[in-house]
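**Student:** One letter stands for each residue in the lines below.
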Amino acid sequence: MRQFMKFKGCLLATLFFAACNASNQGGAANEDGPSGDDVGNPGTGGDGIDVPAPTPLKDFKPAPGRLALLTSEQYRSSLSDLLGIDAAGIEVPGDVPLYGFTTIGASSISVSAKTGDTLDRSVRTEVGKVLADVSKREALTGCSANVEKPQCVDEYIGSFGRRAFRRPLDAQEFKRLRGLFDTVVTKTSDRWMGLQMVTTAILASPKFLYFSEQGEGSTDGTGNKNLSAFEFAARLSFWLSGSTPDNELLDAAENGDLQNSEGIARQTNRLLSSPRAAAALERFFGELYSLPIDHIEKDPTLFPFVAKHPELAASMRSETSTMATTLALDVNGDIGELLDANYSFVDPLLAEFYGVKDRRDPSGKVQWPPGSPRSGLMTHAGILAVLSKETSTIPTRRGRFVRERILCQHIPDPPPNVAMQLPEATGGEVKTQRQRLDVHNIKSECKSCHELLDPVGLVLERFDAAGLYRDKENGVSIDTSGELDGFRVADARELGKALRSHPDALPCVFRQAYRYATGHLETAGEEPLVQQLGEYLAKDAQGSFRKAITALAQHPGFRSVAQ
Amino acid sequence: MGIRQEQWIPAVTGKNYSMTPLLTPLAAHKGAFSVVTGLDAGGGVSHAHGPVAVLTGSNETKIGENVRPNGTSIDQIVSDTLGKGTAFRSIETEIVPPFDVGRSSGLYDYTSWRNGTSPNPTEWDPRKLWKRLAELPGAKPASKGTAPDVQGSYLDAVQQDARDLMLKVSASDKARLEQHMEHVRAIELRLGVGQPTKAMTGGSLPSDPSAVVTAKTIQQPFNNSKMLTKLMAELIAYALVTDATRVFTLVYSRPNYHLPIREIPGVADLHAATHNEPRGTPSVVKGVAFIMERLADTLSVFAQTPDGPGRSLLDNLTMIATSDLSHGYDHTNADYPILVAGGARGKLRSGQHVRVTGDRKVTRVGATLLSALGRPPGFGSGGFATSNTIPELLA
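Sequence lines, in order, name chains A and B.
For the first sequence, our numbering assigns the number 1 to the initial residue and increments by one for each residue that follows.
For the second sequence, our numbering assigns the number 1 to the initial residue and increments by one for each residue that follows.
So here's chain B without its partners, still in its complex pose (with noise of 0.2 Å):
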């Protein structure tokens, strides 16, 4: 639903930047992030086209009510290579998923995508993710039952099936049957076939969520989005740390969603709210203000998580944090709202505003990430195409 540029955008910029009225909730992670304003994310469909510039770096297609990007998101370019060997290529959650999630609602579903035809949808109840993470092989001591060879015996008809398959269907049928075959073999990796099972180190697996998680908590997110937050996060950073992701998306709520924030009085609908207020008004800045809490609560549980000697997770990892739109009152993308969390193992240098001049173009951060990472500094296509890092954020 965006932001407000004048309660977001901070007056000076460099390390002695001042909290503005929407960052203050982050304050106590001054050193841990990177402000990064000026950046222009184009337009297109309002709503969709924000998220899709930042994280695919492309222009989307309308297809009947859906939007598809044109690109790939930026969390899957990296688990092509990262996520290579581990449990979950990436992991893919949400906090307030719209009312009466089953049924189709078009628009704006996913944030993740391996390609326009190919949508990650998001988990919304950590129970449902720690029993994921509870029955990876290595999560608990090694229990009596049948040997895993066994257990995953029947993989290997099934892989055989689907090349029986492939041979029959269309070119893109074929590219389809071989995406699910390749999630098959990381089934084969999860329960351990063909090699032996590996404990889990780095981290315990937090205590089953279900004890304070009932069905009317999942039904009512908006009711209960403080306490989901921080079981969503003690279950990414536990995946991280242990290595059974290396690559995560957390979604609050989805663009262009009528949010209630029934946590704090005043905002029935922050979408609503952010049309039809005048500029700057209290329940706007409350509504945004409040879902940055809940970014800093995040940042508190990887802060908070050991990773290796003398360091957290948040020293380790590298997160964007942005919206659907920069301005929700009319709908534009210009001075989008961009957060880099993270410290990459020392190759982000974080606590700074810094102000983009020059290419605006918002695929420089994916550009600056992937350079971090190692990768030729290149993101985005067409008109987003940049091979321009954002120097100030690169150690």
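Extracted from the complex, chain A is given alone in its bound form (with noise of 0.2 Å):
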């Protein structure tokens, strides 16, 4: 904790206390902890990966159960999947993010009418485009003549509304949409309209479009519930496949197999096996890192390779999430590879952005040649992009991206009415970001909180507004020299090495990972779990992502909710 210490002013702080509970690991079973049934069980299957048993948490309690609209990928992947069709096409209404992630923005966030309205005209309109449609509505209802049987209707009710719900139907809801069939039917004598009502029914319930998660059965005792097994399957399927269970994950709910270690660890391996997880991952790392999605917007004449390309700022984001996402499924991967890498995956667009012309690996795979500037996460052009302005970098801002999202450190805004009076880097008198964010040049009451972002953000300094390497800014050649945490670093290629062995980088990724899953920021109750499973990925996993979720996913205190 020494570098917290340092600086008195800038309240500088984990969220909460890292590092300190690291003794609580194999401390005795505690009172609060969930009683899982496999508590001390091997936590390994057959068809799952090799992770060590869950050890008892001292202190743990679970957040209480949440309720979650659908964000709009998932909600878009499950319309997709629910109804057989493109999902490119399906309008969605846009997510409020909260904490960097759509997902905890959605369990707190009250719809707006706007959102409410998109979701009922989207269903609405992918619903009756299928049912207008004889080969889709078929394959959709599994009726076609035997549409006039009762029996085809009801099997279909039943079984679009399992997968929809992501849980049986109970006998009232099944006998509301019956009802509801029937009563359109009786109007319009058109049994097709009648399963148009029946489908848009179900897809715009609030049991659709929000997945609850509040436990079932009785408390163990201490005031805890378990997830059920219907509820943790989505859980499961909206984090690792970003989109609404599959057949086979229901079964699985159903036949117990979600109740005990191994199954767990086979679904989970199956759901992390499916090109999906790539996909949900990708999202995943695409918010944690703020990655352009479709566009970037840099000034035309200082950047015209970038006015000319749009499509650029998707190239941009694919280096960065492909890499992520190779690190992260490969269960012999290190995600902390991640922050140093002396290789990218750059398409050709980026390619000729970047300059780079051996570019032969089918998948993009790029070496970086000795004495490369580009080293990792931090020389990725669409982060550099994304926080810079139209014209110059921010190196304040990049300083602060790294403490805020790679360490998971909280740096407090700048205090209200601030004369931001700093010159601008022209050319003038003051020729460049480092001249500009000189020491003397910073108000007294700023200093301690621009000392811990500046020296880390001018590291990058050689990287320009739009991510491009430059040696010189106004004709001056560029220091790059900076500080991370008591490490000197001499440049970006340093900055990469020093966050790659910072011991809070690990333990941040796990811990973003474990928001993002949760829809929620970890409470000081869930923290033990955090830890332990942190400190799992950085030392025993050795930065195995998969790793460290696949523990997660089969850890009794990951379907525990507080009463």
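Honestly, the hints are just simulated from the structure, not real lab data.
Glycine is no exception: its CB is placed at the ideal position from the N, C-alpha and C atoms.
Mixed in with the good hints there might be a few duds.
[Said to hold, decoys possible] BS3-like mimics (lysine-lysine), calculated; alpha carbons at most 27 Å apart, straight line:
# : chain 1 : residue 1 : chain 2 : residue 2
1 : B       : Lys62     : A       : Lys443
2 : B       : Lys174    : B       : Lys62
3 : B       : Lys216    : A       : Lys308
4 : B       : Lys226    : A       : Lys308
5 : B       : Lys174    : A       : Lys175
6 : B       : Lys168    : A       : Lys225
[To be verified] Partner residues are not named here, just some residues of chain A that face chain B (Cβ under 7 Å, in silico):
#  : residue
7  : Ser205
8  : Pro206
9  : Lys207
10 : Glu390
11 : Ile394
Dock the two chains into a complex; use the hints.
**Tutor:** Have a look at this one:
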């Protein structure tokens, strides 16, 4: 914790007190711990990945239940899976992210009129299109000429309802939908219209649009419950495949296979081995690192290549997300490599932008030559460009990104009523950002934070506002020396190495994954779990993100919910 | 990004004030708005606090990278009663959204708030807003097709499902579902469930913006904001005169945004210019004046829209126009920029410069408007609470 005490004015602290509770691991089982039936059982199944048995946690207290609106991407993928339609054309409402993550916003925000309206219109439109198409509606409902028979209608309501609600319908729900069908058919004499309204009712229902994690059964004597097998299936599926559970996962829930480590290991491994896992993790890393989605705006006179190639934003996103997901899904991969890798994934357009000539690997993997200034995540153009203005870099913002997103430290905002009267680096007296941010220019009340941020951000100054390499700014050679928590670094490559060896880096990426998966900022009670598995990622798992999330999926604490 | 006081505040008060450089773009509408100066919005999170104080009368809480007000914005307070029975309780629009809008920008994304956890996102694509208006049952001559009562038949099951779910979740999640179901009830209204379709009267639907707006227009709004503002204003005017809504928000660009104004040369980034240039320099004035021109265009559309015998929409409505700061250079909120436009059906007096003295809380603006609408004249909470109106504005 030494780095936290050096700077008095800036209230730097990790959100919770990392590294203080390591001794809790392996402590005696505690009354507050969940009493899952498999605590202490081997945590590996036949088809799973070898992870250690969950260790009892001291002072663990799960978070209360939640009600989460599907994020726009979860909604889009679910609708596409359920209706058998192309995901790209589905209208989505957009998200309200909190703490950087759409999933956290989705657990606490009340929907606006516009969002409610968009979801409703989107469901009506897509269901209407499918039901208007004879082959699509037959594929969806399993009914054709036999639509005249009640059995076909009943079976469809039961099976479609189960997939959409992620659990079997109860008798009342079935009756309600069957009643709707009958009413519509009575009015219109059109059984397909009846099925259209039933399908619309299911997909416009809050039971589809939200997933609820309340737990079931009796409490375990400590006030905690376990998620139902179906609730847990939904949590796993939205997290690891970005969509609603498939029938195999629902069957596993129904058969009791999600009540034990082996069954969970098998399903987790199956989900992580599907191509959907890469897409789901791509979204997590995209949100964590604020990657561009489809647009990078830069001054067209300074950056004509960017202006000419709007698709460059997607190429930049792909560089970081391909690397992150490739490392994350490889059971032998080390996610820490993301921070200082001497290679990257560069598509043809980004290769042209970077000036990379030797791009032979079909995956787009490019080895940076010795002496290349690029190394790791913080030299990826997408991140550098997003953390810049249209014309110039913002070293302070880049430093803040490193502190908050990569190391999970918290930096307060500038105090109100601050005059930001630093002279612009335009080639007059002040030629470089380093001169601009010179300590003598920074007001005393701002110094304590700038001292944490600028020596990190200025290391990246040889990458301009679009992420291109330069060695001079306004004719002056750029000095990239800086400092990270006591380590002097000379350039971006050394910063990458310092980040990779930083004790907070790997626990932080696990912490962020936990927030994304559970849709909330970890509570103090969950801290033992987050720390135990963050340490596991950093030490025993040697950076294997896949092992760490598999261990999380199997941990009884992960399916425990407070009353 | 605030204004420059010395270029904004008129020298004299009353009706005979002269236009200052930043007000000049609005000269044609001098009789239809009032300049209110001397109000203080207090301090808080830079760029976020001012609009929160003016519009919600509260302070903000910082949550992670996001800012939440501790109150409800005045448009939503008003729409609670005024918006009842209309197809859209309120409409929120925006002209220049940030680049790469799908990416989380965290701070400052919203202007209209039901409460701290319920922001109203804006629509920035006029094609989408047009479609919503065009699809209202009364917007077009009745077309053949399924009877509306069948089209909305699923909504009952949706409401019943919501009630099931409400029994199982926490009190706060129950409130979230209740709010969602409020919107579902509005959908019933829009689908014309259980009532005869009433033709929308009072105005004619503007032509489909798709004829002039493409995906590229929307992706580069800073190149097209003149056109986009006019289109959006026309759609808002149509929605208001046909009673599809009674409450609207129009954002030019979000607080703290590094706004390029490419439609005039020399303002690469208005935000950076406010910090980097000495006081009163040309590009800040040019940039703010450009945005005032867009406000003037909006007022022109409203002034040209008939709304009842011998009256224009601008005679009947009332708007607050404001910014995210008072003074961008040093992030201060004293002498906050406020314009009050429209006649509120004769309830408000326009065409004057009012310099407020005594109680300088910026919430006096909200209190005045609520009073003009026949509400008790109280607005704001905590240190912002006031029941003082600005008497000069009330007719």
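**Student:** If a hint holds in the structure, say so; if it doesn't, say that too.
**Tutor:** Comparing the hints with the structure gives:
1. B:Lys62 / A:Lys443: holds (23 Å)
2. B:Lys174 / B:Lys62: This hinted pair holds, its Cα atoms lying about 24 Å apart.
3. B:Lys216 / A:Lys308: Distance ~13 Å between Lys216 of chain B and Lys308 of chain A Cα, so the pair holds.
4. B:Lys226 / A:Lys308: holds (23 Å)
5. B:Lys174 / A:Lys175: holds (24 Å)
6. B:Lys168 / A:Lys225: holds (14 Å)
7. Ser205: This interface hint holds because 4 Å falls under the 7 Å limit.
8. Pro206: Nearest chain B Cβ about 5 Å off; hint holds.
9. Lys207: holds (5 Å)
10. Glu390: holds (6 Å)
11. Ile394: Interface hint status for Ile394 of chain A: violated (10 Å vs cutoff 7 Å).
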